[in-house]
Amino acid sequence: MNEFYYIIPFIILAAGILISLVIEMYFTSSEKILPWFSILTFLASGFSALFLVNNVKVVFENMLMSGGNVNFFIFIFNLGAALVTLLSIDYIKKYHTYYGEYYILLMSSVLGMSLMAGAKDLIVIFMGLEIMSVCFYALAGINRNKLKANEASLKYFLLGSFATGFLVYGMALVYGSMQNTSLEYLFLNFTKFNTNILFLAGLLFILFGLSFKIAAFPFHMWVPDVYQGSATTVSALMSTGGKAAAFSAIIVSFASVLTVVNTNVFAPYFGAIAVFSMLFGSIVAIAQTDIKRMMAYSSIAHAGYMTIGLASGNSYGVSGIIFYLAAYTFMNIGAFGIISIVEGKNDTNLTIKSYAGLANKKPILAGLLAIIMFSLAGLPPFAGFFGKYYIFIAAVKAKLTWLAIVGVISSAISVYFYIRIIVLMYFKESEEDFVIENSNTGLLSVIIAVLFVILLGIAPNSVINLISYFAK
Amino acid sequence: MIEQYIPVFIVIIVAVIFAVATVVMSKLMGPQRPNSEKESTYESGLKPIGTTNERVSIKYYLVAMLFIVFDLEVIFVYPWAVQFKKLYSQIGISIFFSMLVFLVVLELGFLYVYKKGGFKWD
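Protein chains in written order, with numbering that gives the first Met the number 0: chain G, 0 to 471; chain V, 0 to 121.
Take the hints with a grain of salt, since some may be wrong.
Calculated lysine-lysine pairs in the DSS-like style (CA-CA distance at most 25 Å, straight line) [to be verified]: (1) G/154 x V/58; (2) V/114 x G/92; (3) V/84 x G/145; (4) G/344 x G/147; (5) G/92 x G/147; (6) V/114 x G/31; (7) V/115 x G/31; (8) G/344 x G/145; (9) G/93 x V/115; (10) G/56 x G/93; (11) G/154 x G/31.
Quick caveat, the hints were computed from the structure, so don't treat them as lab data.
Could you put together the complete structure from these sequences and hints?
Spelled out as structure tokens, the structure:
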């Protein structure tokens, strides 16, 4: 069959981007059309990916992979982006900052993420990462008149290009030592090269570049400022889709050490960044007063939990990471969604204190946020619990029990600041008096996210079987 | 291995010595009679106007960026056009349409810039 059949999700997204350019050009009412059109595109792309999930094939001269894990990732990205688009409609109205590029850049960034997930070649990883990152740099500063947004955009751009420099340098070293950029070749000949210091240094540099994108500990400094400064909806996509795409790139490029065949030579590195990210994220988040900064530090901690899966380096770890990413996508989009609804004009109501007494004002929002916070803290029966459970099981199976113990301690610490929000909402009186604008589409998006959080928590087995069937 | 490069090193060293020597010697031995005409910035014989660190309008960057886009387009189209007959006999008509898709994507972006007023000079 024609190779193009296997990349239908990519083609739908690319065509959607081009058509939305035309819509933005010629229709004056594009603010009303474009969000719904992009939601349609995301859903079409996502469900076509799910439809093609059984056609595992490498296409275009070993450049792209289609089917299985890849399509599952593409589905998650698209669904997450569709939820973010739903949130954005009212958020943009609230700030009176409509630019048509917003939705187009959103779609382009998802195309970049999908390319990263499907990459079978170092060049394709680089291309996907750049498409995604450049869109995020622009999206972070989409609110052009806000000083903090400009700061976030510039900070992300400078640090991000520095990280990309590391990534490309690593790729050059890997290419220099094995005379090939194919990930398949890397996978098959790993044992031949793993004594070559140049090759290992190259892989380590690639890992530095991608660690920046997953917001792991030594490369995390951009996270709080960027998440706080950029629009809340953009932070939602950045913290979920961007992280998931970088993890998928790590999984495909380090497939050789993540199987039981080879020893996991990077296990000390993964273990170290896992421990530091978890503890640093959980402890520093306690001191935050701004809820977006708190979520940013929690995002660093969650990157740490997922890195445990990489450190354990077995198929349990990989399928655990994929499950965790799916759960984290819905939890975080839900959390940022509620933040974007509660948030007032000009960055008001963003402190943790503004959530005091929310249960009286908006019982539905408070209930949804409570579920999300329980899930982020890792309490059963929500998705976050099973995400952590599978990751820790993988660590124990890989005889890294100490890492699982550190993970449990860290999530015990993190319970404090998640539950603090719930306590404020239900047991404290409101100190500030403000009106929360109703947002039907935003509420719908949060409800869908919460439904997924509950579904993944109640029936995780069906999903994890599906994933581990494809994640060989 | 490294011995093969010795001539290159010699050339580099000679070049550096030559360059430094000419500048230093002319400074030391040449006559020095400065006046205000000589000291001023060379501007094609005209009198210099203003300072050198002038602010450049952001529009120039826009033009430069758009120029790069079309530069890259040419880089892709030229080899394709030169090899077209050979590729056509090997791959078939799809080689024509693949370039057409690329051009459509590019021109759509161009049209977007035009419609959004990217070429308006105030």
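Output the numbers, in ascending order, of every earlier hint that fails for this structure.
3, 10, 11
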